[in-house]
Amino acid sequence: MKKLKITFLSILAVSSLSFAEDIINSKFVKSDIPLDPLNSIWKQAKEVEISLAGQAVTTPSDLKPSVEKIKVKSINNGSEIAFLLIWDDKTKDVYRVNNKFSDAVAVQIPYHADPSTPITMGEPGKGVLILHWQAFRQENIERGYADLPKIEPNYAVDWYPHAQSPYNYPEDWHNQYALNYIGGEKNYLKNTISSPVREIVAEGFGSTTWKSIQSAEGKGIYKDGKWYVEIKRRFFTGNTVNPEWGPGKVTYVTFAVWDGSNMERDSRKSLGYTWIKLNIEGK
Amino acid sequence: MAKVFNWQLNREVEYPYESHKVKKQFAVVMNLNKCIDCQTCTVACKTTWTPGRGQEYMLWNNVETKPHGFYPIGWDVHLMEKLEEQNVQQIWENGQYKGKTIIEAAPEGERVLGWMPDDLDWINPNIGEDETSEPVDIGTIIEHFPNPIWMFYLPRICNHCSYPACLAACPRKAIYKREEDGIVLIDAERCEGYQECVKACPYKKSMFNQVVGISQKCIGCFPKVEQGLQPQCVTTCIGRIRLMGFINPPNEVVQDNPIDYLVHIKKVALPLYPQTGLQPNVYYIPPITVPLNYLRQMFGPGADHAVEVYKRMREGNEPELQALLHLFGSTQFIPHKFKVDGNYVIGYDEKGNELVRVPIVEPVQFRPMHDERYDVVRQDIT
Amino acid sequence: MGLSRREFIKTGSLLLAGLSSPSFAQRIFEPAISVENPLLYYPNRTWENFYRDIYNAESSFVFLCNPNDTHGCLLNAYVKNGVITRIEPTYKYGLATDLYGTKVSHRWEPRCCNKGLALVRRFYGDRRVKGPFVRKGYYEWYKAGFPRDEKTGEPPERYFQRGKDKWLRVSWDEVSDIIAKSILNIAQTYSGEEGKRRLENQGHYTKEQLEVMEGAGTRTLKFRGSMPFLAVLRYVGIYRMANMMALVDQYIRNVPPEKAKGGTGWDNYSEHTDLPPGHPMVTGQQTVDFDLALWEHSKLVILWGMNPYGTKMPDSHWLTEAQMKGTKVVVISNDFMASARTADKVIIVRTGTDGALALGLSYVIMKNKWYKEKYVKSFTDMPLLVRMDNGKILRARDIIKGYIPKTLSKTLVYKPGQSLPPNFKQDKQLIPENIRIQDIDDYVVWDLKTNSPKIITRDDVGEDFLKLNIDPALEGSMKIKTTDEKEIEVKPLFQVYLELLEESYTPETVEKITGVPAKAIVDLAKEISENAGNTKIAGGMGVNQYLHGDLTQRAMFLLAALTDNVGKVSGNIGSYAGNYRLALFNGIPQWNFEDPFNIELDPTKPAKVKPYWRGESQHYWADEDTPLYVGNTLITGKTHIPVPTKFIWFVNNNSGLGNQKWAYNVIMNQLPKTECIINNDWWWTLTCEYSDIVLGVDAWHENRFWDMTGSVTNPFIHVWPRTQHRRYFDTKNDLETYALVAQKLSLLTGDKRFYDYWKFVFDGKPEVYLQRIIDASSTLRGYKIEEIAKKCEQGIPSLIMTRSYPKFVGYEHTIENLPWYTKSGRLEFYREEDEFINAGENLPVYREPVDATRYQPNVIVAKPHPLMRPKKPIDYGISDEEALKITKYRQARNVIITADELLKTKHPLIDSFGATHIIHTPKFRHTAHSATGDVDVVALLFGPYGDFYRHDKRMPYITEAYIEINMEDLKKLGINDGDYVYVDADPQDRPFIGWQKRPEDYEVARALVRVRGSYSTPKGVGKIWFNMYGSSHGSVKGTKINRNGLAKNPETGYQSFYRRGSQQSVTRGWLKPTLMTDSLVRKNLIGRDTGKGFMLDVHCPVGAPREAFGKITKAENGGLGNKGLWRPLEIGLRPQNPRESFKKYLKAMYVKIV
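Protein chains in written order, with the working numbering: chain A, 1 to 283; chain B, 1 to 382; chain C, 1 to 1154.
None of these hints come from the bench; they were simulated from the model. Hints may be right or wrong, so weigh each one.
What the hints assert, rightly or not - Calculated cross-link-like contacts (lysine to any residue; reagent style SDA-like; alpha-carbon spacing at most 20 Å): (1) C:LYS325 <-> B:LYS82; (2) C:LYS299 <-> B:GLU315; (3) C:LYS1111 <-> C:GLY1020; (4) C:LYS328 <-> B:ARG312; (5) A:LYS186 <-> C:LYS1111; (6) C:LYS325 <-> B:ARG312; (7) C:LYS401 <-> C:LYS481; (8) B:LYS3 <-> C:LEU40; (9) C:LYS1143 <-> B:GLU315; (10) B:LYS82 <-> C:ARG1139.
Unchecked claim - What the simulated footprint calls covered on chain A by chain C, stretch by stretch (three residues with Cβ under 8 Å from a Cβ of chain C suffice, anywhere in the stretch; the number is not a length): (11) 153-160; (12) 196-209.
Claimed, not checked - Some chain B residues flagged as far from chain C (calculated, every beta-carbon gap over 12 Å): (13) LYS82; (14) GLY109; (15) MET116; (16) ASN248; (17) PRO250; (18) GLN255; (19) LYS337; (20) VAL340; (21) GLU350; (22) ARG373.
Quick reminder that beta carbons are idealized off the backbone N, C-alpha and C, glycines included.
Go ahead and model the full structure; you've got the sequences and the hints to work with.
Take a look at the structure:
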């Protein structure tokens, strides 16, 4: 009972902070959209600041969130839409290891442009698309995978069955015998996607599921105590379900931020508790 | 929060999910009076299941020397600290636990009262090995039970709890309990590596694979169990301290089921830190050399009785129990039933077929000195 | 060399495609799945197949794991994707049987251990020796045609930079040529007068050493397979090689076969300090022991310095299961070791004083007449009369003129040249006539019935003695007339022992010596006598491995004999160390002694046996390659004299060099005198590091030929299965390495007999040799090798056919009234031989350890007794001061002082060096000797410092060596738990003689370890586990140039567990005078024949590896990277500074029960 009350209050608290008239206008641009959060193209878009609060609807919750607002911009060129997300973070956390978590940010879009979709990651029949940028994925892609030589540099091991010497993950673990020990092919694939942004669908807490077709791109830059993260996706990608959105359309979005050094992961996060209208320019 | 009945605490406890009776419940009995700390179980488990990348430090089975040994370091000291922080009084009143469980004592916004080990907490997995509780010196004589100077070996695997904290804590519900044998597993494909189970498990038997980014744990050797075989840590136990079988609830005890006999009937085998409230399913026959207050802290109020019965057995007053304990290690198959027949104890499989028959005292046999048939003189000193 | 990581694993068939592939779509689902109650139901469980796939192997096969741990386990190897992924026990020991249908039970299951299951890591590990290797310098010496110094014959130093050199991979053909030519060249160099002159000019060897060579250079060729019993073809085969050297001698010196000399064969059991040298002194034969499965047949078990939980793991359950049935276990130890954990009584004794304790216990039993009179009178020397004038035991010939010894019925007394029954048909002991007459004669007891002396023979033991209707006096003093009309005083030995004990070893006195309270001594004595005939005393390395282990064993035997605890199912004494008893296969001469001049090539016929090789203790080589001189006196007996060592061929042998006692003195000072060192192994050990030639042989799972082994602690015989598993590297079976060299010798000498000597190896049928051994062995005869081999390949061993299952020593004596192998046929606690009298050890006295004591070392602690007449230092031409301070001389310093005086003395190193701690080096659960322990998953748990990730780069490996000391000592020394410390012993000779002038070598040799403060070790005692691989020049170099700081030789891949030095840095070699006699009468090693003086592995030096007294100095902080405290200490989870919650936890204050 006690927990429920807190949840209720915190939702009220949050709602009162964010203004109903908050609108994100996705600026139409003619050019290609560069994958660069510091690119001058972003000057064209209007910045909206959105208040966030610790997730307290379900457990585990985040009673001491470290991020309380996020600045958002959006642009689109008719086929692609991109978001620029900026927030304060004292520490750059790019590893996902024992007792350490990675910084991350996510954009949530309902499949149906319907604000009655529960903001708590949807519900059966009212699914949401989540574009999830995670710092550790970008680190793996840009600076080499966080295998033992990176995270435990002095390690010494005699042998690994089936893997190829010198046993570097992922490249030397390319076979089913070796992968059986460590989560199989699917985890291997999750760890080798070429983008720091994963696309997941959800129909309620605990149901997030990787999409079979991953097409979102992203790029994060940590500068002067701030994260600048761009997340970009084609409105419509083939062989999969896409949200009801596109040039000239209106839908809703909301955002979540994770601060790794505050032990934030899963439902331990800061999030916006109301849908923000997303007005997509163009036709 | 649902209410589920925990027979080890002799009361209902809170749990996030409704309880559900599995068809069979995996259980292991470990006789701590026989453990020699050879670590064969640890190596058997490691070479069989965790030789992969990111698993280097993982010991799904470990053996630690109490009271100075831990893996990870200080795990059960942390458990005591955490309960104290939440002002939980660990009080047992005639067989019933009055304090809060780690689920009931969960802080606001948490599902379980847990703690997260640091990377460095997992190293030194055999710290405290063979270290006694008190100093010895030249001329020290130890000759009375319980010993004033003591240590003992505690082998640990996943307890495949009836109400697992890892399962309760996983926000993705990627941890489940197998209906056919009660083994608790983490779905390696749905796990997103949040480490909530690592934090929640009071026994610290869920471990994070830092390279792959998923949590992994003891699987109760289910591929063996499915074939009627006992787990690797049991079938390689040269101390012959372990027996794996299936346990029934106290109200459905089967007299000749070895596990029921040891846990429910003779009550010599006890759960590890039952006050967690998870109803763990590894049962320990406590070491009779160790002071009772320590055993009560670790195994609950049944410790006095268990020690008492075991001592009685050594004096020859528990022949059936004595016989059953000789079945440990004698077969790699799961004994569902047992029978004592004179100098022999017999184990049977699920269908009632005899698995093995061993003597309680190994008979000595002699050979003649002169053997005409082979034209040889048999000799001892050659 | 090519020791870099290489894998031979076939890639799994499925190569995963990239993300774009449609397969990805199938593998990551959409839409979202949600789970209701995971306690109740889980939707998709197909992922579980990962683990089913891991478990379901493609095939499996059985192999034998057999390090020197006395167990030997048939194991199942499971193969997946072409590699062995896991190892399991076979669970088929319960099916073992013999030719008589003897049944054993499944209580033997499971047979395996942590090391055996970890072998999979070793099979594919990067320290595998992947073929034949030759040290670059040695290769150049060979290519240059073995150039030598004209005068001394010594090779130029530049070729001999052992341990620092590069290695070359060569072909098997070339390496056998190198070895064959080395053998011929070295034998030639040191043969004849010329050779003798060269050795003299080298100016190191004594004249006796050159004399015993008898001009044969082949004698300087030393061969050692370790341990022979573990694989009788592979490890004994090297001694066959030694026998074959007679052909080389004939070729070089052109002598006839009867004059030809073979090589020298080195010892094993005694070399390892596993032989309990007191056993031959008391029983006349190697060792008394019993299969550990017999524990449950006794009411009381005493573990005396034996730690089965650490060293006898697969058999420990027999002990705990005995306890479940009421057997009481008493542990006597110098620390609280693992086996004390479940004991009913633990007694912590001062290190090395166990002998005094045993004497104290014996005294209480004698004084209170709690002893078993019948046994004492009929089976021990206690009723025999000893002459008080000369300390000799009275003989019939002393009192009867022209006495002719009686004819013996239980012994075959034979004349020179008389043909004897083969070992497998000997139903009696064999004694040569001269020993019968000169050494034995007949004995005299004092009959109380007639109050007169009575003659008894060695036949008169047990029931047969009682039949004589003599009641021998045990106490009192008698006058008796000798043949020369002198009246002399004689006493029964019982009386003499009682006098000695009453004066010197009462419980009160023994308390002063041992620290064990007098009351506890009386209590234990009572407990043992209450369980007379029902007590087993198991000793081990913990009491053996001190200089006076023999005295300790003599005292323990006295205790066992007084209480009728020898040679029974329910009562016995045993010493446990090493799988020594090759004699159990007493048909072995068929193999190692086949006459090379008369080779039997018919596989169906037995070999003709003729010994050409000479036995010798390797301890002399390790102890400066000379016999023991004290002052001007040669102490070493003539039968023991060692020959100069110029060539060594080790097989499976880290103990011979890498883990040798005084290893760093051997490495720095002895190796240069030896010209060729060969080592066969499949794992790159410390011995390999300092060899010239390393022959990579098959690992156990690659075994190509059947081979055979047995055990001293269990009743099984194993045939090494022939596996079909492929060879991963360019390795050979050990037998092939011998055969290839023999083949080369045939080519080089034109003598075909070298080749023929190994014919059945070339034919691929070495089992012919096995069947010959079987047919000639009393314990095996009747078995067919094919049959027992086939069983083993299914995981089923066979039983060894001694007189009983389980087997034990003493049955034939105690139950069947056969005499023991001593002169008197009785258990002899008194030793009348001059060497013993000179050493003051004719009586079973107590002596202080020679180094491991804070009091004056090596003194005889007793009050004077008329029969104690030891030689003094002055008799050897040295001062008492020299004798005390010079360690080499100290071993022969026989000074008698009382216990009270002792307590006032000090070890000289306390003042001269500031020594504070006895340092002993016991063995541990994590490895058998140095073998099998150094793979990651085992090492991780070896001690408290395991860390796969080596967060602290200073760690030599993923674990590291440490010295364990008492917590209060930590405080005193101002050191913290987990710090790094230097451990230094006697600076005059440790770590090696002359270290002061050789800083680079000293850096390698000086022990640097962690320190662990613990409650389990008494004050003043430091413990470093024996079994870790020590530092080499290469591993120390590695710590400096390897990026991750590993103590791994960049050249060879050798992995040390120490950053610097090793546990052997504090040890030295010791040569105890009473182990080098020419007069001790004892059974030969193999067969029932009797001899005198030296006998390989029976009567020869054993060293004293636990003798060290040193100091501990802080080197670095324990915290990561030398900063602050070791983390566990820092966070308050160590006994040195427990945090509040930990204190509360330890006091168990968290739980209340109401």
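Which numbered hints turn out to be false for this structure?
1, 5, 9, 13, 22
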